[in-house]
Structures are given as C-alpha cells and as structure tokens.
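Asker: Chain residues, written in single-letter form:
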Amino acid sequence: MIKLKDSFVELKARERAKALLDEGTFRELLGPFERLESPHLEPQGIVPECDDGVVIARGTICGERAVVISIEGSFQGGGIGEVSGAKIAGALEIAVKDNEEGIKTNAVIVHDSGGVRLQEANYGLLSISEIQSAIVALRNYVPVIGVIPGKIGCFGGMSMTAGLFSKIIITREGRMTLNGPEVIEQEAGVAEFDSSDKKMIWNTIGGAQRQAIGLADVLVDDDITTIIDEVRVAVKDGKPSKLRSKQIDLFLSRIKNVDPTKPIGPMDVREMWSKDEDITVVDAAKVEQTDKNELVEKVMSRGRIWFEKLTGITELKVSDVPSVLYADVNLGKEQVRYIAVVPNPNNRFPRARKGEVGLEEGWTVAKYVREVMEEDADKEKKRPIIAVVDVPSQAYGYKEELLGIFQSCAGAVDAYASARYAGHPIISLLVGPSISGAFLTHGYQANRMIALDDPGVLVHAMSKQSAARITKRTIEELDEAAKKVPSMAYDIKSYSTLGTLEDLVSGIDAESPKAEDLETIKEKLIKAIEVTRTSGIRDLSNRLTSEKALTGRAAGIKVRSRLKEEWN
Amino acid sequence: MDISKLTNDSRRSWTTRREKKARQIAKVQKLVNGQVIPTDKIVEALEALIMPGDCVALEGNNQKQASFLSSALNQVNPDKVNNLHMVMSSISRPEHLDIFEKGIAKLLDFSFAGPQSLRMAQMIEDGTVTVGSIHTYLELYGRLFVDLTPNIALVAADKADAQGNLYTGPNTEETPTIVEATAFRDGIVIAQVNELTDELPRVDIPGSWVDFVVVSDKPYQLEALFTRDPRQISEMHILMGMMAIRGIYERHNIQSLNHGVGFNTAAIELLLPTYGESLGLKGRICKNWALNPHPTLIPAIESGWVDSVHCFGGEVGMEKYVAARPDIFFTGKDGSLRSNRAMCQVAGQYAVDAFVGSTLQMDAYGNSSTVTLGRLAGYGGAPNMGSDPHGRRHSSDAWLNMITGESEIQRGKKLVIQMVETFQQGNKPVFVESLDAIKVGQDAKLPIAPVMVYGDDVTHVVTEEGIAYLYKAQNEEERKQALAAIAGVTPLGKESTADLKQRLRENGVIAFPEDLKVKRTDAKRSLLAARSIDDLVDWSGGLYEPPAKFRSW
Amino acid sequence: MERLTFEYAATKSVPKRAYVGVVGSGDLEVLLEPLEDKKAYVTVRTRFDGFEQIWKDILDRFFENNDIAAKIEINDFGATPGMVSMRLLQALEVSQDDKTQR
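Chains as they are written, first to last, in UniProt numbering: chain A, 1 to 568; chain B, 1 to 553; chain C, 1 to 102.
Careful: at least some of the hints might be erroneous.
To be verified - With a straight-line cut-off of 20 Å between C-alpha atoms, the simulated PhoX-like cross-links for lysine-lysine are: (1) C:K56 with B:K428; (2) A:K514 with A:K309; (3) C:K16 with B:K519; (4) B:K524 with A:K5; (5) B:K524 with A:K198; (6) A:K151 with B:K549; (7) A:K484 with A:K548; (8) B:K102 with B:K27; (9) A:K514 with A:K484; (10) B:K494 with A:K199; (11) A:K333 with A:K381; (12) C:K16 with B:K494; (13) B:K524 with A:K151.
Hints listed in this document are in silico derivations from the structure and should not be mistaken for laboratory results.
Chain A with its partners taken away, still in its complex shape (with noise of 0.2 Å):
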C-alpha cells in the first residue's frame, strides 16, 4: 500500500502559503476583507476576487524572517493585473530595502501564473518588468525561491520570472513556457505545437524535463511535507553559487550545437546537456562553417534604420549571432551603447527571422550587456546602454520551447537589470512594436523610456488574434474592452497615459528619420541618461512618480503604500 500523500497542488494560494511559513507565523498582507480587487474588471463584465488572486503573508521560514507570495491559479489563471502583480512587486521591493537595511527577509514565490491577465494587458507587462527588476535586486541578499507544484505552472512574463529565481522547486505537474501551447499554434501553426497533444506537451515543458535538463532544481512529489521541507532546505543553504540567468556562455554554447534544420525530441536535448556541464567553447569547426554560410541578407527594419542612423555605421562586422547588432559610440560627450535586435531572414531558428527575440537572441543581448558592464567594472562612470526596440514578438516555435526560450529572456532581463543596478544608465527608445515576452527582453528593464509618437509603435502583451483565442473574446470585443481601460489598448498613446515613458515624441518620421530628427532623438536620449544619473535612482521606482502615473496608476501606487503599513 503506497503512503496516502498531501497534495500542496490542491491547496489554494492562501493554504500554500500558509503551509510553507513555520507554523503560527502566517500574517497575511492586503487580505481578502481589504478588498484590494482589480478596478479594470467589473466595467469589463468580470468578477473580480477581493484580493485579486494574489495572497502576500509574512513570517518565518526556519526561524528566519520571510516574505511568501502566492499566486492563485483559479482565479482569472492566475494572471498577472495591476492590482496583482503590484502585490507581488510591491512585496519583494520591500523585501529588498529590509535586506539593505541589514533586515534579512527572505522570500519565496508560488507560481501558479498564466502570465500577463490579458484584460489589463500592459499593467500586467509592466508589472512583470517590475517584478523581475525587484527579484535581481533580491537575489543579491538572499535566495529567492520559486515553488512551481502546478496545476497552471508559469506561463508568459512569469516563466522569465522563474527564469530569474535562485532556486526553482518543481513538480512533474509544474509546467514552466515562454508561450503557452494554445498560443505557439495561432501564431505558427498546429504544425508546429499541437496543442491538444497533453502527452508532448508535458514531456517538453512539464517538470520533470525542466528539472533533468537543468532549468529547475529540485523535482519533487506533490506532498505537501516535502515541499515544506525541500524550501526550508532552500533557505537554510543560501544565495547559490551560479544562477542560471547568468550562465550566457554554457547557454549559448549549448544553443549553437543544436542544428535548427533536424527534428529534435525531449530526450535528445536530455542527453546532449548532460553532457556539457564545462564546455563553454563552442565546437570549432561548426562556428567556423556557419561563418562561411552565413550569407546575411540585410532587411532593413525601423530597428535597424534607426541603430544605423544614431551610430552612424552601416556596414557591422558579422557576428555569431546576426539579428542583435551593437556599437559602441559617442554620444555627445560619451560613449554609448546601442543594442537593437533586427531581422534576419536567414537566422538558424526560422522562427526568429523577422526580427523577432528568439534563443540565441536573449542570451546575445546578454552578452552585449554583459560586456559593457564587465569593461566598465572599475570605472566610476559606468557607459549608458540604449536599447533600440522594434521587437514584433519573441519567437513562437516549438524547438525554442524546448530548449528554454524563458531561460534566454531572462538572460537578457538579468544583463539589463544587473547593468542599471551597476549604475549604467539604461534607455529604451521605442521605435517600432514593443511586444510581450520580446520587450521584456529587450526594453523594459530600462530607467528611462523614450517612443516615438508614431502609429507602428505599439506596446502590448499579446497578438490581437492570439488574446482573442485565449480569453475566449472576438477581436472587436477586445477593441471594445480597450476603450474602457487604456491598457488594453495597442497604440502608443493609450500607453502613455500609465506614466511609463519619459517622453513621447512627436512629429518625427519613423520610416526614415531625417537629420533633424536625429538630432532631437540624440537630445533626447543625453537628456534621460543625464536625468538618471542625477537622479541616483536605480530601481524603477521612478515609474510610479511621474505625473501620469498618479492617475494612471493609481491602483499600483495605493498597494504599495498600503503594503508598506502593514508590512512590519
């Protein structure tokens, strides 16, 4: 007779969260009688839940002062709205300034997330940037430990998240994805990800593929004694030694001996990064031979217009990776870098060829990150980054699944996040769409934003086509729906009534800026990273004090600040 195990997957987030703090210890923050609901709900026809699907509680973990954030997954799928994820953001930011203070708080996520709730879209795109922004800051003090038991897992902006974490304790129920399987078929096709396959979907995204090919730690029963025990164990052993979202070389390589041509299954990739644990020099033979077929085609997109444009080179060197381009250059009296990512129709993953944030793409930008911060280690005045973004969406595909496109994203997140908290001014510049998973990567971890205000410049968490499947709406229901709450919305405009941008700036030709229009842009872009510098701030925090951002978001700042009451 086999032991009659607990099942934490079948507590609710309250009960999960109240499970893993030492007994007695459970405090919850914003509780359900605060009724801290989503405003954006109801005027849509959807019931809201008193405390939004997010249960904050504080206690203590083997003694030790904790932080447990649980996400619930029946509520709206566990997706990530402005009331929500400014719970989660809210909690882990105080987290972090405990920690700076010599208050030793720790902290442990249970994710049970859809990603962004796509009726509040960018609050939930935004939110997830701030999230992430607080969890790299965190994981400097203490582990951050991520319990993924199922049954939703983490989808979306969230699988970045989890991309992020110390330490990931999983479930075979846990499923950790980029895009979910619903979404890679609208987007690519049945073709590439049947999404009524249960059995392959599980092999490739489900727990215990991610734990045997290294992007989660700890596979474990669904028992809730044992979970308890496996986090206690997480936070008894510290900040680890690697993090994975740090890992560019050993990914990368990883990446490049994958052949995008030829079938790949589950297995194979078991078998292939087992393997592989030092290598972090790629196979030179197969470096040298893509060189040699490496033809680039040169698309000209508004990413790359605009890079070539504001760094004055047209002819870059090719690299390993051709669709992420940098440059070092003066801009005014500094040198600058500028990270775009462009397409390239001839890229390895054919999924990745217009210009979309695929695999090798994340971890390039990384890369290119990376460096400026690893040349400017010793300087007092650490190089500004800016961001070109013109990313239509990241790469829907079943290979990039497979091989942790989540993992790569967050690659890039931790780059950029890392670099603003070292000091270096990051700067987004919005040229074109700014979407999902693919602005995540790549623009929103920066201190100051900067769009064009230009209709091909659009900021969203999802395909009109895609948002509609999923949250079982027609196309027109969606336009309508967005009329009632702005973040919904797709256009630039909409967007920058949340308070998010620095600046919008009119009257300058998007398609093929002119001089002019260059030198107000140049302007422009000294003008945030000199406002950033003074400002000392590092953190995103100066998103929530813009004029906009007090009406815009309101919800958002009123958590906080009620968070902070009740946190001690």
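With the hints as your guide, set chains B and C onto chain A.
Answerer: Same frame as chain A, but now just chains B and C:
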C-alpha cells in the same frame, strides 16, 4: 379431434432455419477460405449471407463496437439487402443509423442510443426508423432467446484461430450472449477480429458456435467510458460522498454494490481509503462489487477494501492492473479479465445490496430520467440495477434493513440510491414538476414514457442539502415532503418549510450533514485518495496505463 | 456580469468574520463579516445575468434558517445554486468555529 391430421397433413419441415443457413453459406463458398472471409470481400460476403428482412444482431454497446462489420453493412447494396430487423444494444456510430436512411434496415429493437440520441429522435419522428421496443440490456438479451432470435450475428473479438475459436479477453462483454442466441438456432455468426493467430490466449467462445471470421482493417472501436478524472471531482461531490458513506453505506451495512459512472460515485470510491478508513469502516462495507474496472476504485482495492469485482466490460488502460489482481477480478487462465455483460447485469440486479446512480431530472415522486427534450437515449443497464428485483429471496443486512412494516410477511428491498445536485450547470433545476421524458415519449409515439428509474424503487436520494430516506416515508405525501426538504431552492424545494423539515429530521426521514456529523468545511479535495489520473497510476504501481486524453505529465 | 443587493432583518450575531471559496470556474468566494445592527446586507456580483430570483431564493432560505446579522459579499464565477448554498454554510461554519483562524 384427429391428432394425426394436425401433424402429418401440415407436412411441415422442422429444419427451415437450418436449410436456409446452409443455402446462404453455400453462396459464399467461392469467396471464403474455410471459415475466413478475406477482409476486402466482406461487403460481398454480407450481401450473399444476409437475406432481405433478416433479423440481424449487430454488436455494439456503450464500450465495444463491431465497427468494421457495421461500416461493411453500411456499404451493402440496398437492392440486395434491405428491410433488415436490427437488434442492437447500443446505437453509437453514425452508420448504425445510416443503414436506416439507405433502406438497408427498417425495424429496430435497441437498448441505448446515447451518442446518437438526437438523430435517433428525429428519425423516429420522420418514420425512417420503426422502433420495435426500447429495452434494458437484460430484456434485450432475454428476448434474443424468445422472440428476437437473430438470423445473423455480427460481433467483434480480439483474436481468432483458424477453427473460429474466439478470444474476446477483457472486453468479452455481450459477445457470448449474442453468439449463443444465434448459433443455437441456426443463425449465421460472423466475427470481426483484430488478428488471426495460431494459438489463442484462451477460448472465450468455441469455434463450433462461429461460422465466419474476418480480420478487420482497424481494431474494433473501444471507448474508455468508465474513466473519471479525479481532477473534476468538486468539493460538492465530496460532501455528498461523505454523506452517502455515513448516512447510507455505514448505516445500512452495505456489503455488495454497483456504482454508476458519475463523479459522485467516483468521489465515494476515492473517499473509502481516507474518510471511510477514518470512520473505521474498512472490511465492514463495500466488499463485493458488480462494476466495470473503474480506475477510481484502484486506491480502495490497493488499500484492502475490496474482496471482489465482477465486470460488465473492460476499461481501456486497466488491462495490466486487472491481470495483476486475479484475487479481486474474474480473470482467465491467460491472466486477463473475463467480463460478461449479461452475467454482470444479473449480478447487479439480483445479487447486490445497493445501486448508486445519478440522473438529470427527478419529479416529486422520485421518478427519474436522463431524457432531455429532443433526445431519445434509451436505457442501457441502469434500470436493471436501479430497481428492486421482486424475485429476490436471499437476504442480507442491507436488504432486511429496508423493511419498515411489522406484518409477518415482509420482503426486503434493494437499496436504490440516487445522488443529484439540486441544480445542473446553467441553473437548470434537477427537481421538476414533470419529466421531459413524458413529452419525448409522446413525440416518439412510445407506449410509455421513458422513465429510467421509477420512484417507487428509489430508497434514498442524496443532494448537497441532505439525504431523503424515501423507504421510510409513510405514504406518497411524505415521500414528496422528504424530497422537497432536500431539493434546495428548486420549485419543489420551495414547497418545503423549516417546520416540516424539522419534523422529517426528527422522524429520521431526512438527514442533513450536521445530523450525520459531516462538516461542510471538511469536504476538501485533499480528502480524496487520488487527486489526478497520475495519482491513480501511482497507486497502481504503474500498472494502470491511462489513454492519452487522460494523461497530464 | 450582474450586481445584486439584498437586505434582511436579523437577530443572531456571529463571533467572527469568515472567508471561503475562490472566484474560479463554477465556484465563488464568500466574505462574511459580523454586523452590530440587527441587519444583514448581501452584495452579489455574478458572472451570469438573469438569475436574480434564484439568488433571492437561496438567500431567503439561508437567512430563514440562519438568522445572522452580517455583511456578506459574494463574488460568483458561475457556481450552481447548490454550490452557493454550500459555500454560504461553510462560511457560517468558519465564522462559528473557534479553531479556524482566518
């Protein structure tokens, strides 16, 4: 009267059926190799073997389908083969009705039409199908031996050998019954098999009962109909399950039983090793089962609750598990399950203490029906289980427990338990003024309304509100009051009052969770012995192999 | 989505507040708080429109049997009436249970 005149003058042949069979078989001698019909000659063979107007038994029940033969029958030329009288347990596949549209068949006697119930109702109304009768399984099997003896049987088996011996294995179901009725009155038995082999694992049906075998192009269709994913069991199912265990199983000492396929009963199966154990009931109740190999019964079996299980049919994925538990299941020398639908129906009707089922509608008198407007689903086996067999003479605690009178001559009663939530999804009340079945019956010109379980057979009704012990009601009026008291805010429920409920509680005619010491806040999914299909796989030590559609990781 | 409100006269008091359920498919959350005045106020937000009468029936009956002075808020994501009644009674159990801490 001159007796010699009656016998001799008639010059009657006593072997017309035998002669007809011989003539038909002679026609296909060129097509066949001994007893084997080549796969690509099946349509031609059927056209030669079946005469217009023949009575044809086509195997198909709610799980296993002679799908190759049914599609072959659908391809015969209606000019050659027509006006057949079909006898079928289940109308499941489109071609089962296509043959009526083409005129290949005309008259139909059946038992269940679940998957085709909408089209069925339409075709009866249009006159495309003439229905003889709608039966329960046992009635239909019975009539095979009385007035519906087939000229032709089209059945399915896993394997055959060259002598026509058949192996039907775990999915034996009703094949032997149909074959017996046909073979022993000179009908022609044709079996589709997945495979021809030299040596069978065991013989389920002797070759001398079988005339022809044909290897099918694809294995016969088999549905996993009795697999309930524990994921979908709600706290409500659990609450009702806890009430049933305390208020019925324990109270009446139920030893042997049959469960329907709903989530309520799946919840009970998964509560036995946890909640049942905590009540100290292991070894005291629920020992002998007439039940398909429900995956949700695995934890109860593994934790030692179950002595025996006899099965109507198999269940996809349960083959290895069953084979590894021969003390519990009926298995052959080869190790695999031997199911038998007719035998298990008899067991479920006569030999068990209790039947636990569910329904879509129930009227104030406890009559229930799964018929909804526009659909004619028939009965299947539920009425056999869900009725009190008046021919029963052996007694058991539970059976005797149902005696309420004091006269010297008394009969006990089988417990017929219905478990329903007061409303279905979409806020449709389950308790209704009048069953939809009445109108459906009138539209289809049926002689009686298609009632699944008659109220006077029902001894207990369980809702989320409580239990009505209908067998204790003094009269019709009190039955109605008891039902109303647990009918929530349905129109029937609103007839009840607090005072009335109190009186019924005091008299023990109804019980609420608090009367049974069941706490609503205890009704949590963590109480289930298995919370997912994967947990069931774990319980079985990996022997249970669920079909892909039920798998998660 | 529909928003409904109900009011009842009440006599009994409840010891403490209670929270049960989740706004998930076929489920609902119930927030129950004791009130000083002899009244009960119920606010319902429900996913499906047009079932006001059933909500009234459920609540009428609940307060007929459990005459409590309380503020109750219900957020419903398509639960059946049976589920609603069960959650209400669970909330009542929690509010009266000394051991359950919420």
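Asker: Now tell me if each hint is right for this structure.
Answerer: Each hint, compared with the structure:
| no. | hint | result |
| --- | --- | --- |
| 1 | C:K56 with B:K428 | holds (16 Å) |
| 2 | A:K514 with A:K309 | holds (9 Å) |
| 3 | C:K16 with B:K519 | holds (18 Å) |
| 4 | B:K524 with A:K5 | holds (14 Å) |
| 5 | B:K524 with A:K198 | violated (27 Å) |
| 6 | A:K151 with B:K549 | holds (17 Å) |
| 7 | A:K484 with A:K548 | holds (17 Å) |
| 8 | B:K102 with B:K27 | violated (24 Å) |
| 9 | A:K514 with A:K484 | violated (37 Å) |
| 10 | B:K494 with A:K199 | violated (48 Å) |
| 11 | A:K333 with A:K381 | holds (13 Å) |
| 12 | C:K16 with B:K494 | violated (30 Å) |
| 13 | B:K524 with A:K151 | holds (16 Å) |
Comparing the model with each numbered hint stated earlier shows that hints 5, 8, 9, 10 and 12 do not hold.
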